[in-house]
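Engineer: Please model the entire structure based on the sequences and the hints provided.
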Amino acid sequence: MSESGTPVSPGREPSAGARLVAVGSDERTASTDAAVAHLGARGLDVLVAGPLAGRSADWVQVAREVGRAVAEGRAERAVLFCYTGTGASIAVNKVPGVRGALCVDAETARGARRWNDANVLVLSYRLATETLVREIIDAFLDTPADPAQAATIDQLRELERAARDAEGSSPG
Numbered sequence: 005m006s007e008s009g010t011p012v013s014p015g016r017e018p019s020a021g022a023r024l025v026a027v028g029s030d031e032r033t034a035s036t037d038a039a040v041a042h043l044g045a046r047g048l049d050v051l052v053a054g055p056l057a058g059r060s061a062d063w064v065q066v067a068r069e070v071g072r073a074v075a076e077g078r079a080e081r082a083v084l085f086c087y088t089g090t091g092a093s094i095a096v097n098k099v100p101g102v103r104g105a106l107c108v109d110a111e112t113a114r115g116a117r118r119w120n121d122a123n124v125l126v127l128s129y130r131l132a133t134e135t136l137v138r139e140i141i142d143a144f145l146d147t148p149a150d151p152a153q154a155a156t157i158d159q160l161r162e163l164e165r166a167a168r169d170a171e172g173s174s175p176g
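Using the working numbering, the first residue of the sequence shown is number 5, and each one after it goes up by one.
Warning: the hint list may mix true and false statements.
[Said to hold, decoys possible] With a straight-line Cα cutoff of 20 angstroms, these simulated EDC-like cross-link-like pairs (lysine to aspartate or glutamate) come out:
#: 1; residue 1: K98; residue 2: E162
#: 2; residue 1: K98; residue 2: D121
#: 3; residue 1: K98; residue 2: E76
#: 4; residue 1: K98; residue 2: E80
#: 5; residue 1: K98; residue 2: E164
#: 6; residue 1: K98; residue 2: D158
#: 7; residue 1: K98; residue 2: D62
#: 8; residue 1: K98; residue 2: D169
#: 9; residue 1: K98; residue 2: E171
Hints are computed from structural coordinates only; laboratory data are not their basis.
Structural biologist: Structure (structure tokens):
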């Protein structure tokens with residue numbers, strides 16, 4: 005995904021007022037194609053990163069691109085894939101402002117949204133079938149964050165700020 009993002013359909017610009025979701029993976033698979041198609045079928049604008057955009061990239065690069073799209077407000081949420089999902093999950097959570105959750109089922113995705121206000125869904129393309137990908141994405145996108153958890157999410161933001169401040173003041 006370039007700094008402005010790569011639309012799924014070349015030449016197609018994001019629609020005014022439409023929700024925008026970034027999708028990235030270090031490999032193009034049936035699961036990643038199912039995710040992009042399903043998001044489009046839901047009427048969402050989709051930005052793609054890495055091999056989904058026709059470019060070679062490893063999971064760290066793709067996670068950084070997708071995470072930045074969310075953190076910078078270019079995408080409302082993101083779906084990120086790698087073989088197990090663990091590496092991409094670790095990498096995307098290094099991007100300030102990202103709350104990425106590795107989910108293996110729809111209920112975990114609902115909980116990640118409800119209680120953690122996750123903004124990046126991470127999936128394993130090794131485990132997730134096309135049907136499961138659609139179910140998990142629907143749960144992730146259709147579940148609102150619980151307002152009662154706002155104070156807890158603020159604590160996460162403060163933890164992130166403190167870590168950034170400590171990193172900036174450390175020698176080296």
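Engineer: Each hint needs a verdict: does it hold in this structure or not?
Structural biologist: Outcome of the hint check:
For the given pair, K98 sits about 15 angstroms from E162 by alpha-carbon distance, which is consistent with the 20 angstroms threshold. Between K98 and D121 the CA atoms are separated by roughly 16 angstroms; this keeps the pair inside 20 angstroms, and the hint holds. Distance hint between K98 and E76 is fulfilled; the C-alpha atoms sit about 14 angstroms from each other, no more than 20 angstroms. For the proposed pair K98 and E80, the alpha carbon gap of about 18 angstroms is at most 20 angstroms, so the pair holds.
Restraint check for K98 and E164: the C-alpha separation of about 10 angstroms stays at or below 20 angstroms, so the hint holds. Under the criterion of a C-alpha separation no larger than 20 angstroms, the hint pairing K98 with D158 is consistent with the structure, at around 17 angstroms. Distance hint between K98 and D62 is fulfilled; the C-alpha atoms sit about 16 angstroms from each other, no more than 20 angstroms. The suggested pairing of K98 with D169 holds, with an alpha-carbon distance near 14 angstroms, which does not exceed 20 angstroms.
The straight-line distance between the Cα atoms of K98 and E171 is roughly 12 angstroms, inside the 20 angstroms bound, and the hint therefore holds.
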